[in-house]
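Below are the chains, spelled out letter by letter.
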Amino acid sequence: MTNKQMTSSETEQTDDQQPNPTPGTDSLADRGTDIGVETSSRDDPATVTDRTIIESRDLDVYYGDDQALNGISMEIPEQQVTALIGPSGCGKSTFLRSINRMNDLIDIARVDGELFFREKNVYDDDVDPVALRRRIGMVFQSPNPFPKSIYDNVAYGLRVQGQDDNLDEKVHTALERAALLDEVEDQLDSSGLDLSGGQQQRLCIARAIAPDPEVILMDEPASALDPVATSKIEDLIEDLAEEYTVIIVTHNMQQAARISDKTAVFLTGGNLVEFDDTTKIFENPESDRVEDYITGKFG
Amino acid sequence: MSQPDFSHDGIRTARGTAFRYLFMLCALLSILTTVAIVATLLIDAVDFFATVSPIEFLTGTRWSPTNDPVAFGVLPLISGTLIITLGSALVALPIGLLTAIYLSEYASERRRAYLKPALEVLAGVPTVVYGYFALVYVTPALDTILPLSTFNALSASIMVGIMIIPMVSSISEDAMSAVPDSLRQASYGLGATKFTVSTSVVVPAALSGIISSFILALSRAIGETMIVAIAAGQTPRMVDLTDPAGMFLDSIQPMTSAMVQIGTGDIVGQGAAYKSLFAVGLTLFVITFVMNLVSELVASRYREVYR
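Those sequence lines, one after another, are chains A and B. Going by the UniProt record's numbering, the first sequence opens with residue 1, and the numbers climb by one from there. Going by the UniProt record's numbering, the second sequence opens with residue 1, and the numbers climb by one from there.
Any given hint might turn out to be false.
[Claimed, not checked] Heads up, simulated SDA-like pairs for lysine to any residue below, C-alpha to C-alpha not over 20 Å straight-line: (1) A:Lys-297 / A:Gln-254; (2) A:Lys-280 / A:Thr-295; (3) A:Lys-120 / A:Asp-50; (4) B:Lys-194 / A:Lys-170; (5) B:Lys-194 / A:Tyr-123; (6) A:Lys-148 / A:Asp-194; (7) B:Lys-116 / B:Ile-95; (8) A:Lys-148 / B:Val-203; (9) A:Lys-148 / B:Ser-177; (10) B:Lys-194 / B:Arg-111; (11) A:Lys-170 / A:Asp-189; (12) B:Lys-194 / A:Asp-104; (13) A:Lys-280 / A:Gln-254; (14) A:Lys-148 / B:Leu-183; (15) A:Lys-120 / A:Ala-131; (16) B:Lys-194 / A:Lys-280; (17) A:Lys-297 / A:Ser-88; (18) A:Lys-148 / B:Lys-116; (19) B:Lys-194 / A:Gln-161; (20) B:Lys-194 / A:Val-130; (21) B:Lys-194 / A:Gly-162.
Source of the hints: derived by calculation from the structure; they are not laboratory data.
Take the sequences, apply the hints, and build the full model.
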């Protein structure tokens with residue numbers, strides 16, 4: 001936690017050209033509305049730290065006899081939004097789930113190669129996936145709040161991880177950062193399932209960020225939502241990248257172009273075809289296949 | 001160009017109607033049987049209550065339908081049933097629930113594929129076999145460490161408990177398997193251990209199903225006859241609920257085995273002793289009926305949890 005605050009304050013000091021320097025976490029939610037318009041601010045090179053937080057080397061994942069990922073090597077920078085795009089079945093979700101070892105939950109999944117989180121291979125024998133997942137939050141494709149109260153949903157991770165001091169304050173902060181507090185402040189005791197789909201997804205984001213992870217993985221977080229809810233989630237993702245590393249899988253290429261700093265294009269057979277700055281991928285990709293995919297010629 | 005012919009086909013329509021009534025008749029048959037049984041119970045019980053007042057029946061603490069002085073207080077029998085139910089619950093609820101958690105959350109797909117049917121075989125063992133097992137093996141085995149009577153509530157309730165384990169584990173496991181996987185994923189994603197996922201997400205989300213399995217299993221224990229008739233003895237006595245040792249170590253008589261005794265005994269004619277069979281039966285029926293009703297209520301609440 002202290003480590004985290006240190007790195008984020010370092011970022012603030014180097015971010016001279018950033019239009020809205022972040023004095024404290026409280027202002028994050030307030031910024032939610034104007035950032036959606038100024039998408040270019042995220043593309044400003046000066047806001048980017050370029051320190052690698054996650055690096056995969058020759059990562060292969062198999063489900064039984066089927067190979068889902070084929071020799072993936074990539075370096076994901078800290079405190080940026082990295083989008084993973086590609087057609088269905090290309091392995092982008094598998095890659096996302098191999099970062100926090102959610103693939104361990106599938107009996108037939110097998111992983112070869114290395115994946116480093118802050119220079120530690122998470123597939124080393126001495127790594128407990130439970131400890132790993134406490135530093136990496138995850139948001140899923142369809143909103144999946146627990147059938148518990150809004151408060152208990154957000155407090156869940158804090159309680160599981162033994163961070164249950166100042167619980168009220170932490171729950172409020174997380175809801176505020178997820179831009180949900182104003183809408184639910186009076187009904188924290190009502191069920192999370194009573195919220196609309198978009199609110200449920202923001203509740204799930206609040207739940208993921210409450211224990212203050214370093215990385216947030218998002219698996220098509222807006223695919224089950226309507227356009228208005230989607231745009232709220234997108235604004236939120238850009239805010240979150242001020243403080244967290246966000247890795248997002250998306251089917252929606254416009255969404256990747258709008259919100260990400262880096263984009264990785266996976267194509268069929270679990271191959272990573274191209275990984276570069278988002279502007280480069282969408283304006284001038286190296287690979288013809290990526291260009292065909294981006295322009296909608298296939299996939 | 002002529003229009004296509006979509007007109008009614010007389011035979012097809014008639015056959016459809018015939019099947020409809022055939023199916024309805026089968027459904028009605030089982031309902032009618034139930035109604036007839038309840039009606040018989042009621043009629044004979046009302047007959048019985050003409051000679052013995054319901055208040056005497058429900059509050060009396062002595063049950064002696066054939067030996068003088070005759071007394072028809074049902075409380076000793078209810079207390080006997082209560083002991084068996086309590087004892088079997090102590091065996092079946094924890095073991096059944098933990099088994100269900102193991103099957104649903106811990107066992108691999110392959111292991112579950114043969115463990116679950118194997119467990120359900122327990123439910124297929126004839127209860128008379130359980131009864132003799134209790135009498136011939138369990139009682140002598142326990143007798144080496146406890147001062148047991150030959151017929152006692154302890155081995156009978158252990159056996160009834162073992163008999164209802166599959167009911168608890170199977171229904172609870174179904175309820176837990178119905179909990180969406182996305183909830184487990186959310187919990188794992190927040191750094192929960194398998195134990196935490198099971199206890200803080202899966203069990204609470206499946207709670208109504210679990211409770212309904214408990215109630216169904218207990219009502220099965222209340223109605224169980226063979227095991228208690230064979231192994232628990234035929235001593236209708238008021239059980240002292242504050243004395244656990246006395247409760248379990250000695251012979252008792254639950255409602256069901258009292259009914260067996262009356263039904264198979266050499267009672268002649270249509271006297272009060274014979275009619276008391278139906279009064280006890282009605283009491284038993286009311287108790288299990290209410291329990292099944294409660295279980296239905298709880299289960300229907302459970303169905304509303306994730307919409």
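For this structure, which hints from the list above don't hold up? Checked against the structure, the hints that fail are numbers 4, 16, 18, while the rest are satisfied.
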